[in-house]
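Start from the sequences, fold in the hints, and give me the full structure.
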Amino acid sequence: EAQVTQNPRYLITVTGKKLTVTCSQNMNHEYMSWYRQDPGLGLRQIYYSMNVEVTDKGDVPEGYKVSRKEKRNFPLILESPSPNQTSLYFCASSIAGGAYEQYFGPGTRLTVT
Amino acid sequence: DQQVKQNSPSLSVQEGRISILNCDYTNSMFDYFLWYKKYPAEGPTFLISISSIKDKNEDGRFTVFLNKSAKHLSLHIVPSQPGDSAVYFCAAFGEYNNNDMRFGAGTRLTVKP
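Chains Z and X, in that order, are what the protein sequence lines are. Read in order, the letters of the first sequence correspond to residues 12 to 124 in my numbering. Read in order, the letters of the second sequence correspond to residues 2 to 114 in my numbering.
To be clear, the hints were calculated from the coordinates, so they are not data collected in a lab. Heads up, a few of these hints could be off.
As the list claims (entries may be wrong) - What follows is a set of in silico ranges between Cβ atoms, one per label pair, in the way DEER data are often shown: (1) GLY17/X x LYS82/Z: 28 to 36 angstroms; (2) ASP49/Z x LYS69/X: 27 to 35 angstroms; (3) LYS55/X x LEU99/Z: 29 to 37 angstroms; (4) LYS69/X x GLU81/Z: 39 to 47 angstroms; (5) SER53/X x SER91/Z: 19 to 27 angstroms; (6) LYS68/Z x LYS55/X: 26 to 34 angstroms; (7) THR124/Z x GLY17/X: 41 to 49 angstroms; (8) LYS68/Z x THR46/X: 22 to 30 angstroms.
Stated by the list, open to error - SDA-like cross-link-like pairs, simulated, lysine to any residue; straight-line CA separation at most 20 angstroms: (9) LYS6/X x ASP70/Z; (10) LYS57/X x GLU112/Z; (11) LYS6/X x GLY51/Z; (12) LYS6/X x ARG20/Z; (13) LYS68/Z x SER11/X; (14) LYS6/X x ARG55/Z; (15) LYS68/Z x VAL88/X; (16) LYS68/Z x ASP101/X; (17) LYS55/X x ILE21/X; (18) LYS55/X x TYR111/Z; (19) LYS6/X x VAL88/X; (20) LYS6/X x LEU52/Z; (21) LYS68/Z x GLY95/X.
Where a beta carbon is used, it is the ideal one built from N, C-alpha and C, also for glycine.
So this is what it looks like as structure tokens:
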């Protein structure tokens, strides 16, 4: 089954404790992206990757890091989480670029206390 | 800076009637628009798209209309069904940077039986 998986689905952590949210897709997609969803703001792009070893900042990259060492994986790293990063996070992938239909993962709800 | 706006946070319609969801954008460089649907505890799923060279695109019960001069698009669902109850996101991007996908805040549609 074609899908995007994210782990964990729920995470509660404390300020400053480094964490990683994993994202994996099995569709051989070139493009992967991370979004956060906040009430009244919709989905905002954090980082995206056009291909392996190619990443770029989206709309709200501050406080986040990503890496794309393999085509299928695109982890999101919060080196020192803060309460304002409490949000619902989605990973997405598409054949190439945002022009194409994006397939989203189920989401990761992160709470930073 | 909200370049894509969905001014109605919620909409309630009766089963069998038409649902009209609206979206406005400010960036005249946008030339491709998409609608995504999101159920609770799931990631968004692609619904329908339209290119700026068209003013209408249909897919079954779903039709998207684009008015470029007004920078406005709308999604029509006819007839509405209870299973259509979800949050609908409008998204847009431009050929100049098709990785810079902008989403609206979403409209929660409730279809009453």
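Hints, one by one, checked against the model:
no.: 1; hint: GLY17/X x LYS82/Z: 28 to 36 angstroms; in the structure: 46 angstroms, violated
no.: 2; hint: ASP49/Z x LYS69/X: 27 to 35 angstroms; in the structure: 29 angstroms, holds
no.: 3; hint: LYS55/X x LEU99/Z: 29 to 37 angstroms; in the structure: 33 angstroms, holds
no.: 4; hint: LYS69/X x GLU81/Z: 39 to 47 angstroms; in the structure: 40 angstroms, holds
no.: 5; hint: SER53/X x SER91/Z: 19 to 27 angstroms; in the structure: 42 angstroms, violated
no.: 6; hint: LYS68/Z x LYS55/X: 26 to 34 angstroms; in the structure: 31 angstroms, holds
no.: 7; hint: THR124/Z x GLY17/X: 41 to 49 angstroms; in the structure: 46 angstroms, holds
no.: 8; hint: LYS68/Z x THR46/X: 22 to 30 angstroms; in the structure: 26 angstroms, holds
no.: 9; hint: LYS6/X x ASP70/Z; in the structure: 16 angstroms, holds
no.: 10; hint: LYS57/X x GLU112/Z; in the structure: 18 angstroms, holds
no.: 11; hint: LYS6/X x GLY51/Z; in the structure: 10 angstroms, holds
no.: 12; hint: LYS6/X x ARG20/Z; in the structure: 28 angstroms, violated
no.: 13; hint: LYS68/Z x SER11/X; in the structure: 31 angstroms, violated
no.: 14; hint: LYS6/X x ARG55/Z; in the structure: 13 angstroms, holds
no.: 15; hint: LYS68/Z x VAL88/X; in the structure: 26 angstroms, violated
no.: 16; hint: LYS68/Z x ASP101/X; in the structure: 9 angstroms, holds
no.: 17; hint: LYS55/X x ILE21/X; in the structure: 19 angstroms, holds
no.: 18; hint: LYS55/X x TYR111/Z; in the structure: 17 angstroms, holds
no.: 19; hint: LYS6/X x VAL88/X; in the structure: 14 angstroms, holds
no.: 20; hint: LYS6/X x LEU52/Z; in the structure: 9 angstroms, holds
no.: 21; hint: LYS68/Z x GLY95/X; in the structure: 17 angstroms, holds
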